[in-house]
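Construct the entire structure; sequences and hints are all you get.
Number of protein chains: 2
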Amino acid sequence: MARLPLLGEQSWRTPCTPEVEPLDSPVVPDNSTACHCVARRRAQTMSGYTHDLAQQVHAWTPADPERALEVAELAVVDTLASAIAAIGDDTVTTALTAVGTGSAGAATAWATGQGSDVQQAALLNGLTAHALDYDDVDDAMIGHPSTVLLPALLAVAEDRDLSGAAVLDAYGAGLLACRDLAAELGIVGHYAAGWHATGTVGTVAAAAALARLLGLDQLGTQHALGIAGSLACGSRQNFGTMTKPLHAGVAARNAVLAATLAEGGFTADPDQLEGPLGFVSLHHGTGRSVREPAGGPDVTGLNVKLYPCCYYLHSAADAALDLRDQGLSAAQVESVTVTVHPGGLAPLIHSRPTSGLQGKFSMEYAMAAALLDGHLLLSSFTDEQVNRPEAQDLLRKVTKRTDPVPPVGGGASGAYAVVEVTTTTGEVLRRRVDRARGHASRPVDEAGLRAKFDDCVAFAGLDPRRGGVVYESLRHLRAATSVRTAMHDLRELTAAAASTTVDA
Amino acid sequence: MARLPLLGEQSWRTPCTPEVEPLDSPVVPDNSTACHCVARRRAQTMSGYTHDLAQQVHAWTPADPERALEVAELAVVDTLASAIAAIGDDTVTTALTAVGTGSAGAATAWATGQGSDVQQAALLNGLTAHALDYDDVDDAMIGHPSTVLLPALLAVAEDRDLSGAAVLDAYGAGLLACRDLAAELGIVGHYAAGWHATGTVGTVAAAAALARLLGLDQLGTQHALGIAGSLACGSRQNFGTMTKPLHAGVAARNAVLAATLAEGGFTADPDQLEGPLGFVSLHHGTGRSVREPAGGPDVTGLNVKLYPCCYYLHSAADAALDLRDQGLSAAQVESVTVTVHPGGLAPLIHSRPTSGLQGKFSMEYAMAAALLDGHLLLSSFTDEQVNRPEAQDLLRKVTKRTDPVPPVGGGASGAYAVVEVTTTTGEVLRRRVDRARGHASRPVDEAGLRAKFDDCVAFAGLDPRRGGVVYESLRHLRAATSVRTAMHDLRELTAAAASTTVDA
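Same order as they appear, the protein sequences are chains A and B. Just so we're aligned, residue 1 is where the first sequence starts under the numbering used here, counting upward by one. Just so we're aligned, residue 1 is where the second sequence starts under the numbering used here, counting upward by one.
Worth flagging that the hints you see were computed from the coordinates, not collected in a lab. Since this is a predicted model, take the numbers as computed values, not measurements. Possibly wrong hints are sitting among the right ones.
[Claimed, not checked] Some chain A residues well away from chain B (every beta-carbon gap over 12 Å; in silico):
1) Pro65
2) Glu334
3) Asp403
4) Asp463
5) Glu472
[Unchecked claim] Reference excerpt, derived from the structure (chain A facing chain B, CB under 8 Å, subset only):
6) Thr94
7) Ala98
8) Ala232
Glycine is no exception: its CB is placed at the ideal position from the N, C-alpha and C atoms.
If you want it as structure tokens, here you go:
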């Protein structure tokens with residue numbers, strides 16, 4: 001998407017953005033009396049980033065429609081799985097107790113199975129799906145697209161009784177909007193400044209997706225994007241707290257607000273995103289980094305997390321599990337050396353973990369659990385599992401190091417891991433993984449997705465039979481003439497458990 | 001409030017803020033699995049800006065309690081007056097039609113008189129009070145404090161059946177928080193970057209006010225501020241559109257969300273505001289500009305707008321009205337010359353206005369209307385009034401100019417206006433005004449406040465008798481053992497009119 005020079009007449013903006021006056025002046029620059037009608041009467045601009053993004057949102061047709069549907073259904077299953085796993089999580093129960101599910105409406109609060117109003121559902125569901133940080137991620141966005149897009153889209157679709165196919169279609173446009181916005185910002189600088197792209201980019205991209213779902217016209221879409229550009233927020237200073245997943249919920253809710261208002265004729269600057277005081281400028285945009293979004297020009301894949309721990313562990317976890325699958329048993333292990341790319345150990349600060357949470361940031365525990373159990377499930381990261389003697393013994397045999405050059409296999413790779421096990425008989429086994437399973441370039445297969453879903457249902461203590469029904473509904477969402485059908489199955493699954501969890 | 005160095009242990013933050021990886025890397029920096037428990041377990045920090053602001057919010061006791069109550073009641077009356085005037089405004093009716101008033105709750109949606117849930121009421125009421133830009137302003141904040149603080153405080157107070165005195169007390173703490181946050185940011189740089197301080201500063205300050213209202217403890221208040229710091233938003237690119245007043249509503253709603261969540265135990269970084277990836281840094285803070293907030297260390301005043309037009313017109317309007325009061329009639333006017341400080345004409349772009357809206361940005365029309373009518377009311381700025389022949393004749397006799405040195409009275413003043421009228425008999429009358437009536441340094445008196453309130457009620461087509469009841473309730477809010485009493489009077493006033501307005 002090319003950046004074209006602004007050609008529109010700009011003087012309408014003058015009344016409201018005079019120069020800043022000294023603090024001791026009574027002339028307060030932003031208190032001119034309402035002048036939105038001026039903007040409303042203004043002719044729609046024909047170029048500029050907001051215009052172009054709005055146009056793309058509606059013009060997009062997938063090159064491979066089947067693939068786009070597959071990716072969207074994958075995102076639906078993975079996002080709901082991540083939400084289900086978090087039903088009993090402290091973040092979710094605290095939020096539900098504090099703010100409730102709002103009025104009884106047609107949109108489902110996933111964690112409780114209750115009907116909720118559309119904005120509150122978007123808020124709670126975004127929070128829930130991101131609470132365990134187990135939801136999908138996108139490289140180009142440096143963030144989590146689906147935990148914003150889907151809570152927004154599904155809440156509105158339920159509220160208006162729209163089809164599964166409509167949601168999946170709008171999801172594709174929203175995912176591409178995430179990537180395009182990231183490219184437009186120069187996402188690395190945006191992220192480095194401290195913005196949480198899931199919240200910031202997510203807000204605008206979800207508004208774009210909703211504009212497609214609701215069939216807004218070109219100018220209405222620009223207004224939706226312009227409103228969303230004003231509401232985009234999320235500070236990485238709050239990483240490591242409950243507020244991180246809240247960003248996803250707030251982004252989803254604000255996107256619903258923006259799109260719903262724009263649909264009703266509410267106005268924003270139709271060139272807001274690229275304006276000198278607009279979204280890109282305020283959010284430390286450094287200029288478009290690539291002509292085409294880094295994720296490619298179409299919806300072809302998404303990174304699904306298959307282990308419920310820090311993503312920096314995933315390549316090494318794959319390698320260790322491969323060695324286990326090849327017949328290595330924990331009892332044979334004399335020592336383990338893990339080599340990763342420079343920077344690849346930064347978050348892995350717990351060499352001697354004593355809690356489930358610390359285990360999620362421990363290379364040593366991840367290796368021990370993978371080699372002992374042959375899997376890394378949600379239940380692998382409890383305090384009890386981390387503290388079992390055999391794990392504590394084995395993790396003490398693990399050494400970790402970094403090297404810009406992989407010790408085996410040649411060539412450099414951005415996120416490689418090499419796991420090298422010396423057995424008690426002196427044999428040395430090596431396994432290198434450059435991309436974790438579940439990455440878009442190594443997509444999760446049906447069995448792997450189902451296994452993750454089932455693990456999430458089991459972790460939440462829910463009925464596996466009902467879980468299976470929900471899986472089938474979501475996995476084939478394109479077939480639902482109303483998303484309410486699939487959400488009805490979800491309500492049956494979560495309602496009973498949630499009532500006991502939240503009341504506890 | 002001094003900025004003290006951070007002494008707290010910081011390593012807990014490491015897992016979630018690793019360095020940014022290249023875009024083509026599968027290592028996405030923000031997808032480590034949930035680790036909020038780490039922050040939760042962390043000891044409360046004992047210094048730093050978030051800590052100090054939270055402490056101040058609770059420690060504040062007004063030096064002059066009566067004055068603080070007076071200012072807070074003034075803000076309540078003025079904010080509700082501004083909201084009442086906007087009941088039929090396109091911004092308000094569009095928003096109400098698009099998103100509704102939410103579930104039936106104990107908080108009043110001012111524009112309709114309906115009961116609404118607390119967050120939706122905060123959203124709608126912030127939007128409504130700011131829709132005409134007729135609400136109070138604060139020099140130190142470069143923004144509108146009350147249109148965020150009061151929708152948040154009143155909605156929560158209604159929901160929980162709290163007293164008027166509690167709201168007024170929390171309002172004072174919130175107003176001081178606005179000023180202190182503005183000083184901490186270096187508000188001029190913040191504003192110049194494009195942030196709408198009403199939205200950004202307002203979010204955090206309203207969360208602070210709510211923390212006092214709800215009696216949160218020190219750490220809970222820091223969490224509330226930390227959540228709010230992540231949600232602060234508002235782009236000046238949207239000035240001149242309906243999204244500008246939306247910022248006030250979103251700020252109020254997000255503040256309610258932040259405080260309610262923190263009350264329930266939801267966590268944020270308790271040092272969020274000053275953190276390297278936190279509120280001040282992300283919002284283009286340039287460092288504390290003054291040791292004491294520019295508005296002074298206590299609640300002593302507030303700027304009330306007495307004319308429903310651009311604030312850049314107010315000093316000149318005062319001067320023209322003074323000349324009218326001294327006996328000058330429009331028929332005597334041969335010519336009018338208005339001189340203002342350099343920059344003081346920037347937003348006044350309509351020399352030959354032909355609509356009510358253009359009239360709000362026209363020095364020529366403001367002079368004509370003031371000299372013709374002896375007042376500037378909401379009804380002065382209709383298309384009909386602007387286009388009446390006598391106004392169109394008179395405004396053509398007005399010339400405007402700037403001069404760094406006032407032509408009369410000596411000395412320079414930041415926002416002076418000199419109106420010089422030459423009469424048909426050759427007499428020259430001059431009047432200089434340095435601060436508009438209603439500014440904190442020239443506070444509005446009871447009669448002036450009542451006149452504004454009555455004009456707002458009349459403009460909305462509401463019953464003046466019921467309006468008088470509401471005025472008395474609000475003007476003496478300290479006497480209300482429950483704010484629901486005063487809001488009940490408001491509901492009686494607005495409910496009937498709103499139902500016809502919104503359905504139209």
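Problem - Hint numbers contradicted by this structure - result: none
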